[in-house]
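There are 2 protein chains.
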Amino acid sequence: MAVYTHIPAEDMSELVCAFGAGELLSAKGIAEGVENSNYLVDTTGGRFILTVYEKRVAAEDLPFFLSLIDHLADKGCPVPRARHARDGAATVNWQGKFIALIEFAEGLSVSHPTPEQARAVGQALGQVHKAAASFPMSRPNSLGPEGWFALAERCGDDLDAIQIGLRERVAKECTFLNSHWPADLPHSVIHADLFPDNVLMIGNKVSALIDFYFACTEVRAWDVAVTHAAWSFENDGTGFNPAIGDALLAGYEDMFGLSREERSAFPILARGACLRFLLTRAWDWLNTPADALVTRKDPLAFLRRLEHYAAL
Amino acid sequence: MAVYTHIPAEDMSELVCAFGAGELLSAKGIAEGVENSNYLVDTTGGRFILTVYEKRVAAEDLPFFLSLIDHLADKGCPVPRARHARDGAATVNWQGKFIALIEFAEGLSVSHPTPEQARAVGQALGQVHKAAASFPMSRPNSLGPEGWFALAERCGDDLDAIQIGLRERVAKECTFLNSHWPADLPHSVIHADLFPDNVLMIGNKVSALIDFYFACTEVRAWDVAVTHAAWSFENDGTGFNPAIGDALLAGYEDMFGLSREERSAFPILARGACLRFLLTRAWDWLNTPADALVTRKDPLAFLRRLEHYAAL
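First to last, the protein sequences are chains L and Z. Using this note's numbering, you'd call the opening residue of the first sequence number 13 and step up by one each time. Using this note's numbering, you'd call the opening residue of the second sequence number 13 and step up by one each time.
In short, the hints are calculated from the structure, not lab data. Hints may be right or wrong, so weigh each one.
[What the hints assert, rightly or not] Think about it this way: if two alpha-carbon atoms lie no more than 25 angstroms apart in a straight line, the pair counts; the simulated BS3-like pairs of lysine-lysine are:
{"hint": "1", "chain 1": "L", "residue 1": "Lys67", "chain 2": "L", "residue 2": "Lys142"}
{"hint": "2", "chain 1": "Z", "residue 1": "Lys309", "chain 2": "L", "residue 2": "Lys67"}
{"hint": "3", "chain 1": "L", "residue 1": "Lys109", "chain 2": "Z", "residue 2": "Lys309"}
{"hint": "4", "chain 1": "Z", "residue 1": "Lys309", "chain 2": "Z", "residue 2": "Lys184"}
{"hint": "5", "chain 1": "Z", "residue 1": "Lys67", "chain 2": "L", "residue 2": "Lys309"}
{"hint": "6", "chain 1": "L", "residue 1": "Lys309", "chain 2": "Z", "residue 2": "Lys109"}
{"hint": "7", "chain 1": "L", "residue 1": "Lys87", "chain 2": "L", "residue 2": "Lys142"}
[Claimed, not checked] Ranges between beta-carbon positions, derived for each pair:
{"hint": "8", "chain 1": "Z", "residue 1": "Arg68", "chain 2": "L", "residue 2": "Met149", "range": "40 to 50 angstroms"}
{"hint": "9", "chain 1": "L", "residue 1": "Ser146", "chain 2": "Z", "residue 2": "Ala71", "range": "55 to 65 angstroms"}
{"hint": "10", "chain 1": "L", "residue 1": "Ser146", "chain 2": "Z", "residue 2": "Arg68", "range": "48 to 58 angstroms"}
[What the hints assert, rightly or not] Some chain L residues flagged as far from chain Z (calculated, every beta-carbon gap over 10 angstroms):
{"hint": "11", "residue": "Glu22"}
{"hint": "12", "residue": "Gly41"}
{"hint": "13", "residue": "Asp54"}
{"hint": "14", "residue": "Ala85"}
{"hint": "15", "residue": "Ala97"}
{"hint": "16", "residue": "Thr103"}
{"hint": "17", "residue": "Ser121"}
{"hint": "18", "residue": "Gly177"}
{"hint": "19", "residue": "Phe188"}
{"hint": "20", "residue": "Pro194"}
{"hint": "21", "residue": "Phe252"}
{"hint": "22", "residue": "Pro254"}
{"hint": "23", "residue": "Ala262"}
{"hint": "24", "residue": "Leu298"}
{"hint": "25", "residue": "Arg316"}
Bear in mind that the values here come from a model prediction, so they are computed numbers and not experimental data. Cβ coordinates follow ideal geometry from the N, Cα and C atoms, glycine included.
Model the full assembly from the supplied sequences, consistent with the hints where possible.
Below, the structure is given as structure tokens:
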């Protein structure tokens, strides 16, 4: 939620030129993406998001992320492409940082999705999984099962500072998932973070899927579980909204579908999804000063979602 | 440099509709304006900056600010207008906060102005002063001489935590300005904060003057002094750039001009301008945690500029 790297207008004009995107007309730092600095830029060649990769995105992962979005766009997925520089590279270096220029897509992130919108999101996810089947690169998931167990260790006793008993609950869940995790289900490159923030919609249509910076190779149906856990609960605490969850799965079924094995493992996959966000949020909560201008996301929202899936 | 108020897409669509600006197509929180939350929004009716006024802008001042920009735009100044709501009001209320919808203007804030650009800025400032002569409202300057003296008191001994001796230097300057301030020079409504950040340029042309939220009734030539102090020094510490300063004054002369009295008081007005930014930056410096995601601006940059004018 901040612009960490300030690029003077004169330098930004040169960057836009290096991407062959014409003359720079306007640039506004946008408060999006926790990991990177982003500018919304207008040029005589169109409208783009200029991204400055900050330290949390590893430079060696950029070819994977940027090739992936180009591949998905080529296959007809609603994914904005990275514009390539005049020398063919997907990034340009500026003061030691990598810069990408991504096509701008219209659309809004909804806060209260309707079932029609959830169905469209499920369809878009199915479309991504279909297209990803032919994507040749892979990337390990640092926030998969092993990552959660390591993160639970690192949070340690501090989890109880968020809520008494949380440490024990997390340890129990780690043990459960360790022995029940369906690691033999089909793997694929997945988005892994398809929250409403990362989906732009125009009316009931998905106009863009964005922010592929957690994309990785993982149990494919886990992506469906992440999306289900991210979309199907009301933020006001009223809990699971079955109309949204069902529409999302129906949409996924329209385009791709779950096997019988994936379906029966779904509650476990969803518990893993909830544990992942519970733990990364807990870590950020414990390591973000309360007065910092970054919104700390409530880890306990995902404890409640986890309990929903655990009760199935 | 942050978006303090998150407006869900559904509510933002309604707000845009309340302003009669058509259907919302896109909204991005932008990292601009220290005081307010701003969104860059696209609608079927055009492109706008949606501003949410946070606590640092007094609600009772909004009619002054928003009428002023409309007045200046009417008089042909490059100032984006506020769109009025369907009920005629310049703001709409959302969850207890005032929201305005301002026309979007293309252009870039330059970091290293050329003399041609500085001349255009001086001309634009002169145009504003010409147009402001017929603006009927007024607003006291809380950051005028009395405000500085009060702020110096509030900073107190802490000034020496920024640099040893700063407290004494500031006290001496307050005493000097108190006895030399040319309060009898002509007053006008002025911008009072015309830094490069608040000027959008396309090439050598000023496309927009923005952020009138410090506008007030004050010694008119002080606005020229503020602009001179804000533009004519290199940020890298190489000091005063006379080509920029002279071009700025020449541009102002093209459109409005300084009287002999204003010209002879100019170094004192500029010292007051430097003291104002030195003190507000010092206060923010002393009251912003070092790890907050807000860029703290160096107060000492304006001590160096003050010494430049004091040596004239």
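Sort out which numbered hints this structure fails and list those numbers smallest first. 1, 11, 12, 13 and 17
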